[in-house]
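For reference, the chains in residue letters:
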Amino acid sequence: MMILRESIIMKIHYGTAIGALFLTVIHIMMRMTQDFHESLEYENVIANYESVGYALLLELLLILISVHGFNGLRVILLEMNQGPIYEKVVTYGCLAGMAALIAYGSRTIIMTNMGMV
Amino acid sequence: MAKETGAREGLKGWLNPGKIGKFGIERLAWLLMRLTGLGLLAYFIGHIYETSHILDGKAVWDKSLEMTQTTEGHLFLALVIGMCVFHTGNGIRLMVAQMGYGLGKAERPDYPYKPQSINMKGKACIYATLGMAALAMWYGMAVMFA
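Protein sequence lines, in the order shown, are assigned to chains A and B.
With our numbering, letter number 96 in the first sequence gets 96, and the count goes up by one each step, no holes.
With our numbering, letter number 96 in the second sequence gets 96, and the count goes up by one each step, no holes.
Worth double-checking, as some hints may not be accurate.
Now the stretches of chain A that chain B is said to cover, found in silico as 3 or more residues with beta-carbon under 8 Å [stated by the list, open to error]:
1) 38 to 49
2) 72 to 78
3) 106 to 113
Since the hints were derived computationally from the structure, they do not count as laboratory data.
Positions of the beta carbon are idealized from the N, C-alpha and C atoms, including for glycine.
Bound conformation, chain B alone (with noise of 0.2 Å):
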């Protein structure tokens, strides 16, 4: 018997822009979804180790601050802003529809079986969140950069 290989694609199978282009909307939200926790939960540990340098006094933590006071940094932190964003509108979607709401009736499968639970609702609640996540980070820029 042949051994079943396709769910084993890992990090290629993430990343293939074709999943995106066949499976639509739904499959950039799962992908980024995943970016974003990763992302996150890097710069968290990044955070607890920055702020860490309070303890070496005033001189160890500007010094650690100035790394965010530049335009890179800046820009570091709306990316992060942007990520935050993301993920938490795209959760509060995500445990919505694990509670049962928005995911349509079910009916008899016919063809072309379109599923119910992947409907307009869903794609315009992606939709709202990176429009969410894009003006979260237009604010945090004009903050940083005021």
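With the rest of the complex left out, here is chain A (with noise of 0.2 Å):
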């Protein structure tokens, strides 16, 4: 398996961090192009969704979001404490995390894109 080196993954994790602020921004915004309530009824949602454009802004958030948020629960267990197996666990663990989560989120942007709902 490759492994990556601590300075490679830190650059990832400030990569996502900086591709996650601006993606955040633009999802914020979304929201404030309406009311903020009426821009959360059932019906406005589902269009958002079905707009290819920002479901794709929605996946790639996901993804961001998902590999900066675990890999800082990954930092922040190691900070904690170190040992081979743990440090295996621990790393493992986030990453398992990571792809349960992204495939989750991945399932209701993709299902509700395509009209089934």
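Starting from the two chains in their separate frames, assemble the complex, guided by the hints.
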């Protein structure tokens, strides 16, 4: 298995942070295009998801935040304790959590975008 | 040889207020960065689960949305906004510092050995970030309670 150096992982961490920041601003601005409460109504949210561009933005945002969030969790857990087995469990656990969250979120985005609601 | 235990205090070490008093605002920023990161990850997981209710139809979506349409829900979302702004602002400060900006020039270590990197620029950034987080929370509440 390919092993990434910690310096490369931190570059990914910062890159995903900057990317997620820009996409989150767009995501929030979408709620401001109309009244906040109105924008969260079922029909409006479905219309958002059915737009391919916005669905792609949500998918990218999901991936960026999941990678950043679970890598951050890994860093915190490795700061608190160390050891070869512990580090492996934490790293693979975080990778599994990240993959599960991306899969679950993608399911919502894809199914709603394709009108399977 | 005595076993080194200094780095193994875990959560007790994190939350010890004496350490914030001893090491200053930088230590508080370090702690808040971790707490807001964990809080935002928990919120993000909850947000992904909550939005998946769109697949169950309008009734379930409206019911799930009702949770955030209460006073407590608005206050919780305001807290999320504050965590998000602090985590972003402090993260940008750390990235800039890791690129070597704002750390001061290296000089001969003389008594009282004050590190050049812990200077007023960094402290001012932390205070500004805390202020921005408070302002964003206030703005968020103004929108949600309107």
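Here is what the structure says about each hint:
1. 38 to 49: holds (count 5)
2. 72 to 78: Satisfied; 3 residues make the cut.
3. 106 to 113: holds (count 4)
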